[in-house]
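With chain X fixed as given, assemble chain A onto it according to the hints.
Residue numbers (my numbering), protein chains in the order written: chain X, 1 to 113; chain A, 1 to 115.
One or more hints might be untrue.
As the list claims (entries may be wrong) - Simulated crosslink set (DSBU-like; lysine-lysine; CA at most 35 Å straight-line):
no.: 1; chain 1: X; residue 1: K56; chain 2: A; residue 2: K71
no.: 2; chain 1: A; residue 1: K62; chain 2: X; residue 2: K56
no.: 3; chain 1: X; residue 1: K56; chain 2: X; residue 2: K105
no.: 4; chain 1: X; residue 1: K70; chain 2: A; residue 2: K44
no.: 5; chain 1: A; residue 1: K44; chain 2: X; residue 2: K69
The hints are simulated quantities; they were obtained by calculation from the structure and are not laboratory data.
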Amino acid sequence: SQQGEEDPQALSIQEGENATMNCSYKTSINNLQWYRQNSGRGLVHLILIRSNEREKHSGRLRVTLDTSKKSSSLLITASRAADTASYFCATAFSGGSNYKLTFGKGTLLTVNP
Amino acid sequence: NAGVMQNPRHLVRRRGQEARLRCSPMKGHSHVYWYRQLPEEGLKFMVYLQKENIIDESGMPKERFSAEFPKEGPSILRIQQVVRGDSAAYFCASSPGDSLAYGYTFGSGTRLTVV
Chain X
1 SQQGEEDPQA LSIQEGENAT MNCSYKTSIN NLQWYRQNSG RGLVHLILIR
51 SNEREKHSGR LRVTLDTSKK SSSLLITASR AADTASYFCA TAFSGGSNYK
101 LTFGKGTLLT VNP
Chain A
1 NAGVMQNPRH LVRRRGQEAR LRCSPMKGHS HVYWYRQLPE EGLKFMVYLQ
51 KENIIDESGM PKERFSAEFP KEGPSILRIQ QVVRGDSAAY FCASSPGDSL
101 AYGYTFGSGT RLTVV
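Just chain X, with the same shape it has in the complex (with noise of 0.2 Å):
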């Protein structure tokens, strides 16, 4: 399958560090998505970042793919308590069925103040 994997799992940092998570996908993609999840709510888009881009910067978040790696990392900067939820990746076939996004099961990240 295409799934995306975090790594990790979980990770527990403090406020102002910084919190990198990463993610491993299988075939081609088109695109590859980071999205948020506080704790029994809805998904948050975060970035969007194409298979010909290498890296992509939206406030205190950083992107990198890796296409020949198949894999993406998301950094958050200068953490902050608030940041504190579940990070997905997700991803976008290269085929015909291109809307179809391809979750991975998480990072839970915790923000300690």
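Then chain A, alone, in the frame of chain X:
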């Protein structure tokens, strides 16, 4: 813009009953997607609909599950004769069109509990 609206937020059904989950996409969005999230799991694609059309239902269980997106009104995910294994969070997402250019906007989900 109220975003993607799902209701109810929580739904409890006894085994054998029917569950109806509703999703109103963002204004201007004509594409709706339903995903299911089991405990400790990522989201799994169920179905993709446009107005009055099911585009891809490859993620839907063959039995008991159906979805519609009528010309007027919200999209409905219907689960007949629910079983305990149907307990999950069901999320709806919408997009204005080509998902290649946009990330999805998700609703807050409906948490179905079958007792």
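Numbers of unmet hints, in rising order: 1, 2
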